Each structure stands twice: as C-alpha cells, then as structure tokens.
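Student: Read off the chains here:
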Amino acid sequence: MSNQPLLELLQRESIQQRCESVYETFGMLTLTVSKENLLALCRLLKHDSALQFNFLSDICGVDHYPQTPRFETVYHLYSIPFKYRLRIKCRLELDESPPSVVPVWQTANWHEREAYDMYGIVFVGHPDLRRIYMWEGYDGYPMRKDYPLRGYADHYNPFGEARSQGAEGA
Amino acid sequence: MTDINLLGTNEAGQKLTKELLLNLGPQHPSTHGVLRVMLELDGEEIRGVDTVIGYLHRGTEKLAENFTYTQIIPLTDRLDYLCAPSNNLAYVLAVERLLEIKAPERAQYIRVMMAEMARISGHLLISGALPLDLGAMTTLLYVMREREMIMDLMEMITGARMHTSFCRVGGVREDLPDGFEPRCREFCHVMKQRVDDYERLITENRIFLKRTRDIGKISGEQAIDWGLSGPCLRASGVSWDMRRDNPYEIYDRLSFEVIVRENGDCYDRWKCRMDEMRESVKLIEQCLDQMPQGPVAVAMPDIAFPLNKITVKSSMEAMIHHFEVSAYGFPVPKGEAYVSIEAPKGELGFYIISDGSPKPLRMKVRAPSFVNLQALAVLARGCYLADVIAIIGSLDPVIAEVDK
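Chains G and W are the protein sequences, given in the same order. The numbering of the first sequence is the UniProt record's numbering, which starts it at 1 and goes up by one. The numbering of the second sequence is the UniProt record's numbering, which starts it at 1 and goes up by one.
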C-alpha cells in the first residue's frame, strides 16, 4: 500500500509543528519527535479523525551505545479504520526520561515496563513502573550494549564476566 | 478445628472479613506454563490481579544481537512453539524487507500453507486445553489425534515435528517431498469433519456454556486500547485481520472469511478459533490448488544456500563460499524494518535494526501473547476465582512467547 495519502495527512501544520522530521524508510513512514512533544503528538495522532491511530502495536527501546544520544524509544502505531502504519522515534540521553504514553494507550503499560527492565529507561507518569522479566533487586539492565552477553559472574552464574571497577552496569 | 471467625464480629453482630491475597501458579496446570497470577480476593470475587511473568525469560532478543541472520531462525521457533512456521515467516519477512528481496512464488505458497497448518495446530491445542481446564477431558484427547496428523505432515516436509525452522531468508529450505499433496488433502478432508465433531462435543455443552458465556467480557473499544489482537480482538466485534487488510505473501490471491463475533466473552474467543480452523483448512486447499512449480529459494548465492550440494562437494571455490555464508552470515543493508503478520495468537511483529553487519543491532519481537495476557487484569476484575481459569485459557497465552 502506498504511503502517499498518509504522508499528505502528516504534512499538515498541526503535526509538523510537533515533530522534527518525517521520512519513509523501507516502506514505513517515520516521525522523529523530541520527548517534550511526544505525548502531545501521540494524543493528536490517536484522536485526529483523519488518522485515528487507535492501536499501539509495540514500544521498543534501543541502545545506540557508544553514540549519543544513547537511547531511543520506538513506537509502532496502527490505525485500524484506515489501515495506516506509522513509526515514531524519540532519541534520549542516558539520564533523560520520556513521558509515558499509558494515558493514550493502556497497552503501553507492559511495553514500557519491558523497556525499563531491559534498558533502564524511566517513563515519567507510568502508573506501575516495575521490572517485568527480571526480578526485583536485579542489578543492571541486561539489554544494554555494555552489559555482557553471559552476564556478570556471581554465586549463581560462574560463567559470567568479572565486574570491572567503575563499570556502568547498574 | 480452626476458628473460622478469626476477625470477630462488628457491633451489629456481622462477621468481619478481610481481603485475601492468593497466589495462582507459577506451577499450576491451568496457567498453560509458568505463569504466576497474584489475585486479590474479596470472598470469591476478584478485586485485583497482578500478573507476574518472566520465569521462562531466555533473552531471545539479546541472543539475536549476537547471532547471524540465519542463526536467528531457530530462535524464533521457540517463541510460540506451537506455531513455529508462523514465527519463522514473520522473521524472514522482516529480513527480506531490509534486503529488498522477495521469495519465489512457490516458496511463498509453501510458507503460507505451513503457517495455516500451524494455525490449525495452535488452535487445536487451545480448543482442547480450555475445556480441559474447565473439567472436560475428552476433547483434549480428540484434538491431539488431529494435531498428530499435522505433526506428521510437518515431519514429512521438514524432518522435525515442532521446531521446524523451515523458512529461510529468500525462500524455504527445500521443496515439498513426493507424495505430500495427497496426504495433505486427506488431512484437509478429515479435519473438516472433525471440527464439526468438536463443536457437537463442546459448543452446546451446558456446563461449558455456563462457564464461558458472559465471562471475561471486553468491548471492542477497550480491547483495542489494551492492544488485543487476533481471535481475542475479533471476538469483540472488531473486524481486523492482517491477512485481509495488509496482505503479505500471497494472501491477496486466496479467498477466506474473517471470523468476527460480537460478545467478546470467553465463549466467543473460543468459538472464533473453532471457525478459524475451518477457514484455515480452506486456505490450505487453495494453496495446494494454486501452487506453481518453480524454485523455492532466490538465486542469490550470497544469501541462500544452494539446494543441491553437488557443486559444493566437487568445487573448492563453492565449498569455501558455502563455508563463509554459513559461518559468517551475510551483511544486511543499514536500516530498520517492522513487519507483522497475523499469527494464530494475533499480531506477531519483528522489528529489526541493521547497522550493515551480518548481525542485527536490535531485534524486537512484538509477541501477541505478551500483549494479550496483559488484558487479564481488566478481564478478571469482578469475576469469580473459578472464572480466572476460563479467562486465562480463552486468552490462549503461550508462556514461551510471553517471556521471550
């Protein structure tokens, strides 16, 4: 399906002033947005009568280590009435926190918990930000690029790597 | 004898009660795996649900970042292990999007046919397991019989029963074996009658109806908000099926009906799967009818392994090349792609970011069971304790996929 109709809708003033750029890559339109505008843009995309992005497929955390800004959250949206697909990307520094989109889509709850658990991205305004896969008290964020594949050596994991002094894992 | 009146009585003489926290699982046969649910109970009524997952977390996504693109295919088998061909298909489609190639037509038909067989296999298991959870054991024994036929067909094609790993980037591993078509048609013929048998056994069973009708209801709007997809969403009256709405592979050439039901309760989610099995049988038959002859993998030696290894075994250069492709993989152009398909459980998506090397920078699995299970908290609130079992069963979570 051609992305042209969607592209025209996204080039309207109300959306353009909230996002940084719009481009198409491998058949999917992508919006980049700053974390300040993220929540407002999501609300707009969901409630705009010509777009109606009512279905949030996925939220994905990405670690671009050693690039800066280091982290990225990627949102994949779908509009069930119009069959559009759209990706939103938001770059973040190590200590930056994006807003939670749970107020817009309830389903974001577990996706954001997963991104927090795996990358340590803190979503501001999340109703229940706990680890989801790893247990409470787990040290470090396993999907970060500087976290070793075999984990760190401890009592339960003799095959892990030794923790070096000053390693930024926790 | 324990004192059942521990909290005493109030001034009016009524017994005092308090809320109870009950732990269901992680070792419990009706949670379909290692799922733990903390239930806040007021008497028998559910006041709050906390779903605890992660007992089966294997770090598929972290592993994928350290594997070549071909090595990841077996990892995807182990997500929803009941429907391995669907997982393979979603993954290779994402890689093919990045490489900007398309599998030959025959390979596409084989993939779709296997994905539909996997759908029947997955739906069969849940249509036996849900009645089992509610006390009707017979159905499970019958569905296992038909599932065995699918297993045999899978074994005939791939040599494996569950972890098939048959899709390859740019095609499938090899062509269908001789004598496959008549056996597959025989299965389709048998299956059509057997679905009617299950329906006679369960669909109008009074106990089953009482346990599932109007239990765990969710409206279409709420279901979308919670991200439900697949049969769980269609049972709530939302007509969305990616095979029809965003057709991939050769689905646009096949005719089938998208099953939509209105109520959004446990019964409708179950019935939706029953009817989908009939449609899948039709799809398999259409695939067999339309399947053209031809190659089953792209003719790109940098990506696809050669089908016959005669040259590999007789020519030095071909052997070195074969070794390199299998050991080091192939580079995939820089970029990112998200491809999702209509898997038996719902929208199964793969998001791959490539940095131009033979290993992905990031692979994210949008697992339908993970998202569907999240809705347990809203579905179970206000229900009775026994209903939770029916609701978990009707959501059809595969914990291996939930935990990734």
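I should point out that these hints are in silico values taken from the structure, not numbers from a laboratory. Fair warning: there could be bad hints in the mix.
Calculated cross-link-like contacts (lysine-lysine; reagent style PhoX-like; alpha-carbon spacing at most 20 angstroms) [unchecked claim]:
#  : chain 1 : residue 1 : chain 2 : residue 2
1  : G       : Lys35     : G       : Lys83
2  : W       : Lys192    : G       : Lys89
3  : W       : Lys192    : W       : Lys282
4  : G       : Lys46     : G       : Lys35
5  : W       : Lys334    : W       : Lys102
6  : G       : Lys145    : W       : Lys334
7  : W       : Lys359    : W       : Lys334
8  : G       : Lys145    : W       : Lys359
9  : G       : Lys35     : G       : Lys89
10 : G       : Lys145    : W       : Lys62
11 : G       : Lys145    : G       : Lys83
12 : W       : Lys359    : W       : Lys62
Just so you know, these numbers come straight off a predicted model, no measurement behind them.
Student: Now, for every hint given, state plainly whether the structure supports it.
Tutor: Here is how each hint holds up against the structure:
1. G:Lys35 - G:Lys83: violated (26 angstroms)
2. W:Lys192 - G:Lys89: violated (46 angstroms)
3. W:Lys192 - W:Lys282: holds (9 angstroms)
4. G:Lys46 - G:Lys35: Since the Cα atoms of Lys46 (chain G) and Lys35 (chain G) sit roughly 17 angstroms apart, the hinted pair holds (cutoff 20 angstroms).
5. W:Lys334 - W:Lys102: It holds: about 18 angstroms lies between the C-alpha atoms, which stays within 20 angstroms.
6. G:Lys145 - W:Lys334: Given that 20 angstroms is the threshold and the Cα spacing comes to 18 angstroms, the pair holds.
7. W:Lys359 - W:Lys334: OK: Lys359 (chain W) and Lys334 (chain W) at ~11 angstroms, within 20 angstroms.
8. G:Lys145 - W:Lys359: holds (14 angstroms)
9. G:Lys35 - G:Lys89: Distance of about 9 angstroms is within 20 angstroms: holds.
10. G:Lys145 - W:Lys62: Roughly 9 angstroms separates the two Cα atoms, so the pair holds.
11. G:Lys145 - G:Lys83: Answer violated: Lys145 (chain G) to Lys83 (chain G) is near 35 angstroms, above 20 angstroms.
12. W:Lys359 - W:Lys62: Given pair Lys359 (chain W), Lys62 (chain W) holds - Cα atoms ~11 angstroms apart, limit 20 angstroms.
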